[in-house]
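2 protein chains.
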Amino acid sequence: MFDFEFHNPTRIIFGKGKESAIGAELRRGKIRKVLLVYGSSSTKRTGLLDRVLGHLSESSIQVVQYGGVVSNPLLSHTRRGVEIAKSEKVDAVLAVGGGSVLDEGKAIAVGALADDDIWNYFINKNPEAALPIYAILTLAATGSEMNGTAVVTNEETKQKYPIKSPAIYPTVSILNPELTFTVPPDYSAYAAVDAIAHVIEGYFSKAAGPVLQDRFVESIIKTVMETSRIFMVEPDNYNARAEFMWAATLALNGLTLTGVEGFSFPNHMIEHSLSAIYNIAHGAGLAIVIPAWMKWYSRNHAGQFERFSQEIFGLSGVGAGIEALEQWYRGLKVPVRLGDANIPATDIDMIAANAHELGVRWGIGDEYPVSAIVEILKFAV
Amino acid sequence: MFDFEFHNPTRIIFGKGKESAIGAELRRGKIRKVLLVYGSSSTKRTGLLDRVLGHLSESSIQVVQYGGVVSNPLLSHTRRGVEIAKSEKVDAVLAVGGGSVLDEGKAIAVGALADDDIWNYFINKNPEAALPIYAILTLAATGSEMNGTAVVTNEETKQKYPIKSPAIYPTVSILNPELTFTVPPDYSAYAAVDAIAHVIEGYFSKAAGPVLQDRFVESIIKTVMETSRIFMVEPDNYNARAEFMWAATLALNGLTLTGVEGFSFPNHMIEHSLSAIYNIAHGAGLAIVIPAWMKWYSRNHAGQFERFSQEIFGLSGVGAGIEALEQWYRGLKVPVRLGDANIPATDIDMIAANAHELGVRWGIGDEYPVSAIVEILKFAV
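Protein chains in written order, with this note's numbering: chain A, 1 to 381; chain B, 1001 to 1381.
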């Protein structure tokens, strides 16, 4: 068990209809004016946006609306958000949407208090301050609702990079599982892939981690698999959506990484390149990368994969768990090979070079040279 | 899955020698003067107290020492601490010790900002404010280091009652597993009993809880059992002490109760009476009460106990898990019957009446009338 610090100050309000609490929470935080960040049509179509505006109005919170966040949120749109947050002098950011909306909202919250360009914080400095961030989550997957990370894509340089800071933990995140009933099947599937991807990176750490955290990871993986089997068939099964939603939050709120060392995010490193270059959904990219990385990595870490096979699937052997995970992906109808997402195998060198750049920034450039990333991607052909 | 709020703002600093961070943490919190609350001989004997005083001095933190906290901390001693905290105008409480020291420290932190007697907050009002609380933990068991609860015994009225408030979450808790190497065998065993007791109350809730939380509970129980088997033989096994320490914290920091309803703390309700009347260690009392309560409760909740038998011990049947738990207690050499702690069976009516009083305060007086508590205690004869 390695030394660690754990501090997660986000308040979670979880349950049916809880978005109605947003006005009171903002007032408790002495917030008078918010930048309401949201995506595109679905927040409007479902009536959520109007309901939220109603709650804010009841609590006399002034609102500046800023919609149009896309999946894999863009730097250009983030920069415009920063300008508006500054010129309108908002006190806080209220993000209403999925992980992309929350991530762009976090970046805007940092930019609003910065003198320099927001992209600097993605490439060479850590944010030290941000406006308070409030969130109403409509898609469970990324864990952004209870962590200090945000990912934005620079569409000019094709870089999908994260910021990480204690300053960007949301103050309050409201999780109403009912809001996820309308998530379409493809994104529901990507969400399940994503939640498992988050715990897998730490689980297969190089150093022997604490067994308690291994067990927590296995608990999360089994719960994600069980609940997704239900909600893929019954999208409005409250209990399945609810257990999944909380499992996805706990998958990346720091809990499963306490006392764990020797891990990095190689699957995310490679997937970020697929999203940045081909604009495919993060969950889709992960389902392609993870089995490939596992086949490559398991060659020197057999014991960890034997445990994975046994604990998750009740199977024996190194490869059995990887095989079963792939089958689970196929059941979700997500791509599991580059070709499934129309990514040509001839692009592998270019993808690897792009991923390696991020690897260098994450301090795993030596562990994952371009040649290793090429090897991994060849397993995805 | 039931609605819930989760907000746990305590910062955990975990690892070898981490008590050296205390000065910097107090300065970060703008604390200039602390009431240093501690127990009796062991903190001095191990040299910890001197080391902590050295760290505080290096950071120019003024210190008012207040030792003498006992296991099952006493109201009279708490009241004197409140007087000193007020007259010395300290900015914070720094508790150095186990759960008892932390609990009394929390109560003093509440009393220091209250105009009325501290016991009022145990019997008829909730604390709304408290001085900031900092902790250096020397015994892992109670979870007090990361929750908003504290228990104190009124020795005049023989009442062992809790306070509960968001105001008494520690600001920072430092957990160095090395400091638990010197915990004697009996208290190491009680600690293991206590940690499992905390998760058991929610696990056997009346309503079907989320499966994820059941799995987390099972993860904690298995880890406590595995690690205690090691540290009872090798008291200075760092990894066993460390995994146990973090498991004990997570056992009562709110995590395992998220989304769970229909639970109460009947085992704690009855045990508090044993501690209050006979001054036995909390863990010892729990090992007597829990099997008795399980035998009584399992008669109408067979399914839950079948799962418990299977998941924890790999056994079949309702009673097999209870039997195995008792065997585990016996292996730890803790009392498992009233007689083992020299408590006469003829006292059962009196114990039940005392426990029922607390049950009424906790809102479970109807569910646990005196007659039911008598029935439960008869299983402990």
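What the hints contain is simulated information worked out from the structure, not anything from laboratory work.
A couple of the hints might just be wrong.
Just the calculated beta-carbon pair ranges, DEER-fashion [what the hints assert, rightly or not]:
| hint | chain 1 | residue 1 | chain 2 | residue 2 | range |
| --- | --- | --- | --- | --- | --- |
| 1 | A | D349 | B | R1229 | 49 to 55 Å |
| 2 | A | A302 | B | E1367 | 47 to 53 Å |
| 3 | B | G1331 | A | R299 | 37 to 43 Å |
Beta carbons are placed, not taken as given, at the ideal position from N, Cα and C, and that holds for glycine.
These are the hints, each one checked on the structure:
Hint check: D349 (chain A) to R1229 (chain B), Cβ distance near 52 Å, so the stated range 49 to 55 Å holds. Here the CB-CB span from A302 (chain A) to E1367 (chain B) is close to 52 Å, well matched to the stated 47 to 53 Å. Between G1331 (chain B) and R299 (chain A) the beta carbon distance is about 41 Å. The supplied range of 37 to 43 Å therefore holds.
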